[in-house]
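Peer 1: Take a look at the letters that make up each chain.
Protein chains: 2
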Amino acid sequence: MSEHTPSADSSDPESVVEQYEQQLEDVLAEVETETPRDDEDGLAVELAGLELDRRDFIKAGAVAGAMSATAGCAGGILDNGGSGTSSPKAASSKPDHLVPPGEHDEYYGFWSGGHSGEIRVLGIPSMRELTRIPVFNTEGARGYGYDDQTSEMLEEAGDYTWGDNHHPNLSETGGDYDGEYLFVNDKANGRIARVNLKYFETDAITDVPNVQSVHGTTVLSPDTKYVFGNGEFRTPLPNDGRDVHNPEKYTSLFSAVDPDSMETKWQVKVDGNLDICDSGKEGRWVISSAYNSEEAVGIKGMTHDDRDFVKAFDIPAIEKAVEQGTYEEVNGVPVVDGTKSSSLNSGDRPIVKYIPTPKSPHCVEVEPNGKYAMIAGKLSPTVTILDLQKLGEVSDPAKAVVGRPKVGLGPLHTTFDGNGHAYTSLFIDSQVAKWDIQKAIEAEKGSEDPVLEKIDVHYNPGHIQALEAMTTDPDGEWLVSLNKLSKDRFLPVGPIHPDNDQLIHIGQGEKEMELVADHPAYPEPHDCVFAHRDKLDPATTWDREDYAGEKPYISEKQSGVERTGEQRVHVKSSVKRSEYGLQEFTVKEGDEVRLTLTNIEDVRDVIHGVAIPEHDVNLAIAPQDTREVTFTADEPGVYWVYCTYFCSALHLEMRSRMIVEPRD
Amino acid sequence: MSEHTPSADSSDPESVVEQYEQQLEDVLAEVETETPRDDEDGLAVELAGLELDRRDFIKAGAVAGAMSATAGCAGGILDNGGSGTSSPKAASSKPDHLVPPGEHDEYYGFWSGGHSGEIRVLGIPSMRELTRIPVFNTEGARGYGYDDQTSEMLEEAGDYTWGDNHHPNLSETGGDYDGEYLFVNDKANGRIARVNLKYFETDAITDVPNVQSVHGTTVLSPDTKYVFGNGEFRTPLPNDGRDVHNPEKYTSLFSAVDPDSMETKWQVKVDGNLDICDSGKEGRWVISSAYNSEEAVGIKGMTHDDRDFVKAFDIPAIEKAVEQGTYEEVNGVPVVDGTKSSSLNSGDRPIVKYIPTPKSPHCVEVEPNGKYAMIAGKLSPTVTILDLQKLGEVSDPAKAVVGRPKVGLGPLHTTFDGNGHAYTSLFIDSQVAKWDIQKAIEAEKGSEDPVLEKIDVHYNPGHIQALEAMTTDPDGEWLVSLNKLSKDRFLPVGPIHPDNDQLIHIGQGEKEMELVADHPAYPEPHDCVFAHRDKLDPATTWDREDYAGEKPYISEKQSGVERTGEQRVHVKSSVKRSEYGLQEFTVKEGDEVRLTLTNIEDVRDVIHGVAIPEHDVNLAIAPQDTREVTFTADEPGVYWVYCTYFCSALHLEMRSRMIVEPRD
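Going down the list, the sequences are from chains A and B. So for the first sequence, our numbering puts the first residue at 13; every next one is plus one. So for the second sequence, our numbering puts the first residue at 13; every next one is plus one.
Just so you know, these hints were derived from the structure itself, not from any lab. One or more hints might be untrue.
One copy or two, either will do: identical chains are not told apart, so a pair holds if it fits within one copy or between any two.
As the list claims (entries may be wrong) - Calculated cross-link-like contacts (lysine-lysine; reagent style DSSO-like; alpha-carbon spacing at most 27 Å):
no.: 1; residue 1: 383; residue 2: 332
no.: 2; residue 1: 569; residue 2: 332
no.: 3; residue 1: 451; residue 2: 569
no.: 4; residue 1: 569; residue 2: 312
no.: 5; residue 1: 261; residue 2: 600
no.: 6; residue 1: 210; residue 2: 352
no.: 7; residue 1: 569; residue 2: 293
no.: 8; residue 1: 261; residue 2: 383
no.: 9; residue 1: 451; residue 2: 523
no.: 10; residue 1: 277; residue 2: 523
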């Protein structure tokens, strides 16, 4: 254990607090920060029935430096690489994370790509990236955003060229992953996208009305009745220029999207900024973390008070309010009032319960049994344990808090192994803490420290995920810590560093965590979710039925050019290895060209591409798939259409010649 | 050795040919092909002084099926996974390719990204992707194509949203990598880009005039005097609508680009389509493979004749012609006539020598000593060895061919280990053949078969690269085979499969090739180049001097808003952990907003992002860097500027508020 790490088995809570306090002082002494520290008044606040000293909070003013990712790096004292509680080297006693050539990984990992806008699919435990799925970005290799269908989808969803996806969620049936869809948010533009897991392709994007930023996202367990999105940023409602200077009128919304139609069915207006959410297992509760109960517009105001309020959305109660018409319609969506003072929150069954927690909690994860929601403290070194059963029973939501273990500095996210253990990432400590859920609850009555083990990670972890931790039956074994910074862990690649996703073996016992592999990750893999390979069944070629009626299927014989207007032609072509059905076609300068191509092969992995130089045309067509693109042939000349997927030894010679004749 | 593989140590050339012939028959019997086969007339052709039977060529008509990537897969007979000449499993006797947590790879690998438009940087031998460098694509994670500077660069280079980069080349000084730049082609739009290896960022893109598609690319050894680009597609010159129906007037050009100014200095017009090129080591020769001497416009015509002509560009001779004004200027570039019939090719020192080879050769690689260029046969099972010393001496270029070893079906690319061995990828055989260069030359006089060993790869390899194989002093040890298809090697991810880059240990001896790891690769990693880590010295923060005069440096005190016109404002802000220098700013509806931000931190790996919802604004600013973006605030409302790089525990609260007031 490195010098600065608080003792995990200390049984004196006061001494633990003092250690944190001292550590914070040390950090502050080391880092440059121009912000004066508040005085330490030691004021104890009564919070959720538990005594927490004011020293348990990290001051907002000091936090910019103290909690910064590189504070430790600069000062040296948090830079604990290689000196952790567990060995950072791979050991042969663990199951091999290497997957030999030709063998398959056991799990799919779906990584959000952050502001790259994509989803990444990794094999676990090898950590090899199997593919990328462009979602909010256009992408050349798959021709995504280039064919008419995907480019129109992106255009209709706001016509942005990027997105910021944070939280991938797999669809569920009967509480287990059904392998149908993955849903992910766009924090940058308030959108939710759906990825079809038959084709590993984004098939729908919805621009959620009235919301500027969708952050936390979850599906409603057990049957994906809704996909929920937390509107993080508070804005005027609607945000059309009114009330811009009246922050007290800003609001944030919790949105329920239908997973089939992708329509927003209803929204709930709440106090404060919504952050991350997770669903209970029973279809009733969705718990959202939240910050800025102060409803301030600057960082000091946002972190002024010592408490914030996690929101528990009672889904059936909200549905009832919508059904009864107790809402205001804004931009076509029923908006239900879920603010603290709303009449809908005053009766026996409030639609939103406000649970007090230490200020600015970061994440909510519901453990596999669906009994408890874990709320990581971020600015408090604790995790708040919320009993979902009690939540439905007590009138004071604070009474549903059944534990608040101290886990370390900067707790952000919690994951589970199915053996009664929780693992919480510690952003400031650059560690993962493993703790016993039951002991943490009992600890409130004076029993032993629930923290079993800590392991150093490198550096500053955000989300962590263990195998199928979000299901009712996690598989344990491996955990991935998504660390925000890699600093010196890899060969240098210029000023923009990769993140570092570390693979940790978590074993079955109490003290078995072992760092196995570092994995550089292109910014910013925000979160991930794992599914056993048996739960997915992707197609290897296209089913023509899936686009019948929308797009034609062009055989070799149907290849040809049809003039459909004075300045409009429809070019149709099959494509197979080495050969386009149409090896040349002539259009007139200024023609709008609709190009329809079908890959007539039915052999797995024989993709064909369609590139037209100087026209920004770029399609990727999988076997039995048809893609269309419409463009203008605005410059006369000869243009060589070529295949971008190396499909045969005569791939290089595979060409179609587009002749654009001068108009006169 | 699997059943279908021709015996590597057969000493009877006729029996080898018969085996290929039989194999081809088997393949054809298995695959669906509608193209009737030509008859086998057995006509022997005198070619470069060597007897080659017509059976050594694969028929163009049959090739679409026979040489297709999945022919073997469909028929089962090429599907030789796991039954190769060497074990496909990792063995403990080789140096470990795993790089333990916290340790660094020994080599950088730069991968072209094909039609993804990017460069990928891998660590070797771990094969971990360290970062991506967007080149021809826009990319959200790095804000590339979003700040004014990079978006203007892309716009000026043709305003395309993608590119197809194939051949990454590192700059050289004194014949060794100097770590300054990487150059890469765009096959889709006739461009060449330069990546600055101090910052791992694309800093220049040039749209090469008169050229539709730049394919092969190389720098002139030993000092990067030029970057050369092979114009692959034959078009009218200029391609402005003239001669569109007269293919005999189409031409292809070899272009010389200045690596500093990125201007095209001169071009050489040649017969046929240019393919791939490599530089000799002495600054005189650049050898280009070429196909379609027939100058046909369809695939049958392109592969009709039994021979093609590799081009040897004599750079000093071309420079002299330019100097003497023996050129035609087209779109501002001197175009020298290097066609076979040109008067510049009739004297003692022709500017381009035409070396006959079996038809449609694919690639040229010059071995480390600079003595020989290896030209892989593609449709012929041979590699043609060209003696560069002799090339300068003989009047008949065919006499410079000193060997033509038979290596297997579909030879595409050759790499080197510095120990006298060459390794050639066999696209159809799905193998890599290791052969002895000296023996191959001697074999012409009747000595033993130069092929030492073959290893199965999975499947259908294109480029292969061994460590620093393109330098005068390769490091051997590891070789990567970039296989076009992965078929069943990984967990399925829908109809668009990853490629498969396989890591092979090549040892020092004659029969030591061993497959160590499969590495799925997002389409399409076309080629790669490796450099020892000691040869690069990337910056970890920005040098302000590198943008002084172009962009300001905004300190905290300089943060503010300045109205610069009736509908124009300049917003300036510093940014550091948790805090923008400007925490709110107000503009008017319709204003053009110029936003300038400086990351005032100087700590490695503390990047800050700038996202403005619903405005497609997205910057990534490394320490000490300044970025600018100009956009229009066209809709009134409140917009929350936020940071996309997780920089501190208060990252989530890090915000600036953009208020867009209604204009009246």
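Peer 1: Check the structure against each numbered hint from earlier and tell me which ones fail, lowest number first.
Peer 2: 2, 3, 6, 7, 8 and 10
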